[in-house]
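Visitor: Chain residues, written in single-letter form:
2 protein chains.
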Amino acid sequence: MIKKNYLLAPGPTPVPSRVLLKGADDTIHHRTPQFIEIAKKAFEGLKYLFQTQNEVFILASSGTGAMEAAVANLLNPGDKAIVVVAGKFGERWKEICSNFNVNVIEIPVEWGDYIEPEELKNILIEHKDAKAVFTTHSETSTGTVMNLKEIAAVVKDTEAVLVTDAVSSLLAQELRTDEWGVDVVISGSQKGVMLPPGLAFITLSEKAWKLVETSNSPKYYFNLKAYKKSYPDFPYTPAVNLIYQLAEATEMIKEEGIENVWERHRILAEAVRNGINALGLELLSKKPGNVCTAVKVPEGVDGGKFTKLLRDKYGVTLAGGQGHLKGKIFRIAHLGYMSKFDMIVALSAVEMGLNELGYKVSLGKGVMAAEEVFLKEGV
Amino acid sequence: MIKKNYLLAPGPTPVPSRVLLKGADDTIHHRTPQFIEIAKKAFEGLKYLFQTQNEVFILASSGTGAMEAAVANLLNPGDKAIVVVAGKFGERWKEICSNFNVNVIEIPVEWGDYIEPEELKNILIEHKDAKAVFTTHSETSTGTVMNLKEIAAVVKDTEAVLVTDAVSSLLAQELRTDEWGVDVVISGSQKGVMLPPGLAFITLSEKAWKLVETSNSPKYYFNLKAYKKSYPDFPYTPAVNLIYQLAEATEMIKEEGIENVWERHRILAEAVRNGINALGLELLSKKPGNVCTAVKVPEGVDGGKFTKLLRDKYGVTLAGGQGHLKGKIFRIAHLGYMSKFDMIVALSAVEMGLNELGYKVSLGKGVMAAEEVFLKEGV
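Protein chains in written order, with our numbering: chain A, 26 to 404; chain B, 26 to 404.
Any given hint could turn out to be false.
A pair holds if it fits inside one copy or across any two, identical chains being indistinguishable in the list.
Pairs of lysine to aspartate or glutamate, EDC-like flavour, derived with a Cα cap of 16 Å [stated by the list, open to error]:
#1 Lys311 - Glu69
#2 Lys156 - Asp182
#3 Lys28 - Glu280
#4 Lys105 - Glu151
#5 Lys174 - Asp337
#6 Lys146 - Asp182
#7 Lys153 - Glu288
#8 Lys253 - Asp154
Don't read these hints as lab results, they were simulated from the structure.
Between the sequences and the hints, there should be enough to build the whole structure, so can you do that?
Guide: What follows is the structure in structure tokens.
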């Protein structure tokens, strides 16, 4: 049977055909009023997505490029930074900081767990000289969301800036950059924004810009002062066609309304958790978020074989585990251009896949539990 | 919640993004070697789809245009033709024939039922002077398939040509034009061929071309002699971009293999029927085919309200009933670019929709029954 592809991993996520087709428009030169008009639409759209009045810069890179931009533009070698490490993406902050010779104060958190604001508060009291706190809004490797709003309230009263990796959380979790006082937010195109990979985004508060002024860390392509100076043009040739698509995707998100986008992700996540529970399976996370649901692979099932079966035979791409969780969990994304029947497909694939591997779960039971959530929510 | 659209009606059917994007290629002039190369690919692809060595002509029209072409090119005013009328599309043959002053011998069949080859044989004995027999391979209005192979065997031994409307059946049902001896087969782009609407196709046997030579029915745009003379060019400007897409779609079908395409549709149809039965609902058709499954709307449910709820609230477009079946049935298509999870979505939508309208069916039960078929088939 032909395999239709269901991309249910936490990025890249499915791109709506409206956006795909926009990318097939003729490539025009980026130094034209025509292109700048499109770029302005994209930039305005990003302000809405990030809920900020500040500029949001567009980089031709992956999200990791924007992470590097944050570290390289905010800090000097030897500066002290607090890094919350609760999974693979927290580790990435630590690695980038180390590469830029930042003095890292690591807060290790068990994978699947999260940090309480009170705990961070105490660490900040202990390290009054910390210039920045690096966090991960949604730790995609464990499906865990942190309480960014309360964390921001804690950091706001210190000298440090709060930097958050919102690569996967943007649009899946409520995020009010200005209102909450998150100083630096970064994200990428291939997640909640519903674009192909290739763009990263970063926005900075006034407090953060002050640090940028004093930073002498080596940087060129990611030098944010150059992006600020050119805005709304670009210092280097931008990814023109991806920016057409960005303008289109932000328009779609405006049409839906960002609160509705957040709410949609909340309902989808709840339905999946309900389905997983109904099948008698166990969640990994102690504070599961709306980006993806991490599920423990049941005893006796080969986790790698399971996700491979679903991908190669069913066309359903779930994510496996990363790092030491490899083979031990699988992750169902509810991120981006997703709606309820994508969750039905995911749960149905889990039901069939587990049975096919000899682990008996009741066919239809997970789907039923998800349907109950959708009917309860009236969607 | 955003509505993702699930097009589960029997045409237009979902177009794969590979094909959609092909349509975004630059339009080139049709009188160029470049375009003829593409058209040749499309023409070769159509021979495979129709399982014929004869030319298959491409018309810029809906399927109905090709139906008209068949009548206008084969017959003269006053000629006698047998028309099997087992639903809305059989009625269309009758209407076109009447408009061309053909002497129609109607075989009325109850909607949902089908004609036995033996019955047609007797009618052909009675009407030895019939020039053509007009049939509908898949009567989409009732979800019923006829036994085209046996019907062809019956017509082959007579003076009449067998004409079949395969608009919806092409690729969903086995159809071997040359081997079975079907004289004229017509189809359209927006069904099994997985294209947007806008193209129709027609192929004729030698026996049929002999009738074309003697036909003086009025025609111009649909004059098939002009198409034959120009082939593989076109007498009038063709729908260039749709033909790019046709070349691409036929390539996809070749990659899958036509036997696999037929088999896929068979399995999808069986799964849906199993799901519908498990929910305690009733089928309309006495010989249900692989194009769509027609289900009787249960007592107490408003059929129009039901399909509207699914379409407007869930984004799931099923078809309602046509003619006197309006409001009395709904139809789930398994046609074209469809795979197993589309059927899961359809059944899940039916489960939720009926419950939402107060008609209790067990959530997940239809899905479960479909999953059982998929697991049994090992797909």
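Visitor: Which of the listed hints are broken here?
Guide: Hint check: 1, 5, 7 and 8 fail, others pass.
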